[in-house]
Amino acid sequence: MPIAFPIPDEAVLGRRGEILTGLGQLVAPEVLIISEDERRAFETDALTAYRRMPLAVVLPSTTTEVSTVLKFCAQNQVKVVPRGAGTSLAGGAIPQEDAIVLGVSKMNRILDVNFENRTARVQAGVTNLAVSQAVAHEGFFYAPDPSSQLACTIAGNIGMNSGGAHCLKYGVTTNNILGVTLVLLDGTIVEIGGEHLDSPGYDLLGLIVGSEGQLGVVTEAVVRIRRAAEGAKPVLFGFDTSEEAGACVAAIMGAGIIPVAIEFMDKQTIEIVEGFAKAGYPLDVGALLIIEVEGSDREMEAMLARIVGIARKHNVRHIKESRSATEAAAIWKGRKSAFGATGRVADYICMDGTVPLGQLSNVLKRTGEIVASYGLRVANVFHAGDGNMHPLILYNVNDPAEQAKAEAAGEDILKYCVEVGGCLTGEHGVGIEKRDLMRFQFEERDLRQQMRVRAVFDPAWLLNPAKVFPLDNRLTA
Amino acid sequence: MTRHNPTSEADACAIVAEAAAQRTPLAIQGGGTKRAFGRPPQFESTLSSSLMTKVTLYEPAEFVISTEPGASLSGIVRLLAEHRQELAFEPLDYRPLLGSDGEPTIGAVAAMNLSGPRRIAGGAARDSSLGVRFVNGRGEAIKSGGRVMKNVTGLDLVKLMIGAHGTLGFLTEVTFKVVPSAQRVATLCLVGLSDRTAIATLSAALGSPYDVSGAAHLPAKIGGGARTLIRVEGFPDSVEYRLGELRSLLKAFGTAEVLADGTGKDLWVAIRDATVLAEPRDKAIWRISTAPTKGPDVAALIARTIDARWFFDWGGGLIWLACSTASAAGAATIRAAIRQAGGHATLVRAPEDVRAAVDVFDPPVKAIARLQTGLKASLDPAGIFNPGRMFPEL
Chain A
1 MPIAFPIPDE AVLGRRGEIL TGLGQLVAPE VLIISEDERR AFETDALTAY RRMPLAVVLP
61 STTTEVSTVL KFCAQNQVKV VPRGAGTSLA GGAIPQEDAI VLGVSKMNRI LDVNFENRTA
121 RVQAGVTNLA VSQAVAHEGF FYAPDPSSQL ACTIAGNIGM NSGGAHCLKY GVTTNNILGV
181 TLVLLDGTIV EIGGEHLDSP GYDLLGLIVG SEGQLGVVTE AVVRIRRAAE GAKPVLFGFD
241 TSEEAGACVA AIMGAGIIPV AIEFMDKQTI EIVEGFAKAG YPLDVGALLI IEVEGSDREM
301 EAMLARIVGI ARKHNVRHIK ESRSATEAAA IWKGRKSAFG ATGRVADYIC MDGTVPLGQL
361 SNVLKRTGEI VASYGLRVAN VFHAGDGNMH PLILYNVNDP AEQAKAEAAG EDILKYCVEV
421 GGCLTGEHGV GIEKRDLMRF QFEERDLRQQ MRVRAVFDPA WLLNPAKVFP LDNRLTA
Chain B
1001 MTRHNPTSEA DACAIVAEAA AQRTPLAIQG GGTKRAFGRP PQFESTLSSS LMTKVTLYEP
1061 AEFVISTEPG ASLSGIVRLL AEHRQELAFE PLDYRPLLGS DGEPTIGAVA AMNLSGPRRI
1121 AGGAARDSSL GVRFVNGRGE AIKSGGRVMK NVTGLDLVKL MIGAHGTLGF LTEVTFKVVP
1181 SAQRVATLCL VGLSDRTAIA TLSAALGSPY DVSGAAHLPA KIGGGARTLI RVEGFPDSVE
1241 YRLGELRSLL KAFGTAEVLA DGTGKDLWVA IRDATVLAEP RDKAIWRIST APTKGPDVAA
1301 LIARTIDARW FFDWGGGLIW LACSTASAAG AATIRAAIRQ AGGHATLVRA PEDVRAAVDV
1361 FDPPVKAIAR LQTGLKASLD PAGIFNPGRM FPEL
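Sequences listed follow chains A and B, in order.
Throughout the first sequence, residue numbering follows this note's numbering, covering 1 to 477 in sequence.
Throughout the second sequence, residue numbering follows this note's numbering, covering 1001 to 1394 in sequence.
Just so you know, the hints here were simulated from the structure itself, not pulled from any lab data.
All values reported here derive from a predicted model rather than from experimental measurement.
Keep in mind that the hints are not guaranteed to be accurate.
[To be verified] When the alpha-carbon atoms are kept at most 30 Å apart in a straight line, the in silico DSBU-like pairs for lysine-lysine are as follows:
no., chain 1, residue 1, chain 2, residue 2
1, B, 1366, A, 71
2, A, 415, B, 1054
3, A, 71, A, 267
[What the hints assert, rightly or not] Label pairs and their in silico Cβ distance ranges:
no., chain 1, residue 1, chain 2, residue 2, range
4, A, 319, B, 1017, 58 to 64 Å
5, B, 1369, A, 333, 47 to 53 Å
6, A, 169, B, 1255, 27 to 33 Å
[As the list claims (entries may be wrong)] Derived contacts from chain B toward chain A, CB cut-off under 8 Å, selection only:
no., residue
7, 1123
8, 1150
9, 1159
10, 1240
11, 1241
Think of the CB as a built atom: it goes at the ideal place given N, C-alpha and C, for glycine as much as any other residue.
Generate the whole structure from the sequences, applying the supplied hints.
Written as structure tokens, this is what we have:
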């Protein structure tokens, strides 16, 4: 079933001229995008199979402007779709015809860095990678590293509670944010948290992170920055089968070793990636692990010796240590370009279920069977250390029948992830993509409780309204 | 007064539904060791987790444990230790400060977001919390999160429940991520530093690549001379190497000696539980969180007006402070200092009349207060859970 969009509110569409005039009186002309040509750039995000033209796009450059715009929208009952860089694979920033898009991409400055306190205050539209780059000269970095980090914004990371390859050791966004400036729908600007740890009262920060832009618009954030280890070394391990690779991951962690990252790629992915990135991946293996260790040379050697010992017991066929920064970069380049490389071979939808570690092999096998049963192909690439799987289901976007099959296969896979004790999404978010699957993970009363909490912030459901919760089910109190 | 002891989630749902219908306030209790924390609650009945003590899931290979709320913290710690694992956040034990006895429960650890010195490296209790089940004020069993390491499915009500002090619901199951125990724990100690130099030392250590997992400063007034403490944990060869590197890195600040393992271990427990401030017992105790480099300024500013003793954890970002209970335990002075520096202060220990009269937690600004009241109403519409325990209106 294609993903449904709500029927646009005719009354709002009819008021478009009036709404644009109203907004035009509040913000500078360069902030407000009205023409169809310019709006087109915002009609979808990275879930490109779906698109809707928004009423208008607003790109403010200050928190005050965001506040003014939200207040206007609240007063005029205009829906608002917050947007960072628009890299959401779950359709978290996809507009609808009766909503304006409020993008924070112009708010992209690093405001303050404090190395002694290990914090940075940044505007929410700054890219994830730019934060790390701004502190790299002192050997620091910002830990969450989604594959889209070159483009995606801190605002989007906070909206989706984004993860990445190095989260195994350093945690996801919620573990690396100390405070936010949040603009509520009525225009009120609140500071939550700050340069200190924890806050009195309820953990509003924890609630905001991952709320997919439904509780307010984040315009600034205080993030933790960390000093990088002395050195880091990714190593490639090739196995004949996915089962052996999976068992090896379990054994490494079972031995009390938590590397910085453990990434998994199946045969299909290895072939696609190697054809594109020429990362030097072996092509004669059934599964590949990238395991990264960090520390001094001696520490890395010691840890690697332990890991290699375990890998040998699990019939590792191929071991390639990076011996230089260039080799290390090549190993990661392959992994980080996996999504892009796959996009060159075929259209795909990227799933994002998380499963208990003990279920990895089982779910991989079942994923293969499910996708094959629809006559499609799948490439698996994922964060094995925390059970976050990313099956890429390959299909032809111009063939509606194939698209329907791909979506159905994806749905079956995610349901299976939930069945074995996992969840629908580990780091991409629900967006529109998994909205209608929420009932597989939650009881109706769980969803009702979440919706009541949502309504505390936005009783009229104006903020990113058609995301996360099934369309037929809204609560206002 | 009725004391409810549910044996299951369904049982708890029935009790809560009945209390909601009757609008009977319920004081939620675990082991009862922290009754003297927070504002004195107004309640007619208690809802105890004492008969819900089962470990419902423990998968050492997957680093995850789920338990009912009444399971004792010491039991969980022992069980994890059998598998060479532990809770990353090193939960603090309030018994020494509050002079209570009995067994702290894991439910209270979650409800109060209790974290110790490793907060700076391993995160708080909320960061290790993967999932919760709880009974809301409608008597419905609600789940949020789960047992997997990454989960962004829907709103994160787990975070909302952790640290809500039982004002939003009755936890029936909590699921934590656990970590392998370090094979070696070692502590470096520099003696005689002023507060400012000590915090600069700790910042240098924490800003190094050597994975410091504890950073505290005990000023001379605490007894035993000023001691600045830095903890490193991990595989033995790695710890040895990092100690050496840290000692040379910190040379400019003084000579760092490696403490005997037992001495170091005892000191970190004393810092975790603030036992160094437990006596004299008539003093009020505050826990103040600020940016690490602001710590010495905040303490000095407070000491200008009131007589106080203090020490620093979290690299300077956490100040434990003891002062007289007179003048509302110095609340006005302390909160004024915090307003200047940024952060927040919690009154951890004071006589009941003081805790009833003073805001135990920093009073929120209007917009935040409105959100908190809204959240309370959305989860507990009849206002029956621990009324008044955190804030007068919640």
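Q. Is the hint on residue 1159 of chain B kept, meaning its closest Cβ partner in chain A is under 8 Å away?
A. Since chain A brings a Cβ to about 2 Å from residue 1159 of chain B, closer than 8 Å, the hint holds.
Q.
A closest beta-carbon separation below 8 Å is what the hint needs, so does residue 1123 of chain B meet it against chain A?
A. holds, 5 Å
Q | Straight-line alpha-carbon gap residue 71 of chain A to residue 267 of chain A, limit 30 Å | A | violated, 52 Å
Q: Indicate whether the distance between the beta carbons of residue 1369 of chain B and residue 333 of chain A respects the range 47 to 53 Å.
A: Holds, at about 50 Å.
**Q.** residue 1255 of chain B and residue 169 of chain A - C-beta distance against the hinted 27 to 33 Å
**A.** Holds, since residue 169 of chain A and residue 1255 of chain B (Cβ atoms, about 32 Å apart) stay within the stated range.
Q. Are residue 1150 of chain B and chain A close enough, Cβ to Cβ, to be under 8 Å, as the hint says?
A. holds, 4 Å
(Q) Against the range 58 to 64 Å, how does the distance between the Cβ atoms of residue 319 of chain A and residue 1017 of chain B compare: consistent or not? (A) holds, 60 Å
**Q.** Per-residue hint verdict: residue 1240 of chain B, partner chain A, C-beta under 8 Å
**A.** violated, 10 Å
Q: Tell me if residue 1241 of chain B is really an interface residue toward chain A, meaning its C-beta lies closer than 8 Å to one of theirs.
A: Because about 6 Å separates residue 1241 of chain B from the closest Cβ in chain A, which is inside the 8 Å limit, the hint holds.
Q) Under the criterion that the straight-line Cα-Cα distance not exceed 30 Å, is the pair residue 1366 of chain B, residue 71 of chain A satisfied? A) Satisfied, since the Cα-Cα distance of roughly 18 Å is no more than 30 Å.
Q) Going straight from one Cα to the other, do residue 415 of chain A and residue 1054 of chain B come out at no more than 30 Å? A) holds, 29 Å
Hint check: violations occur at hints 3 and 10; the rest are consistent with the structure.
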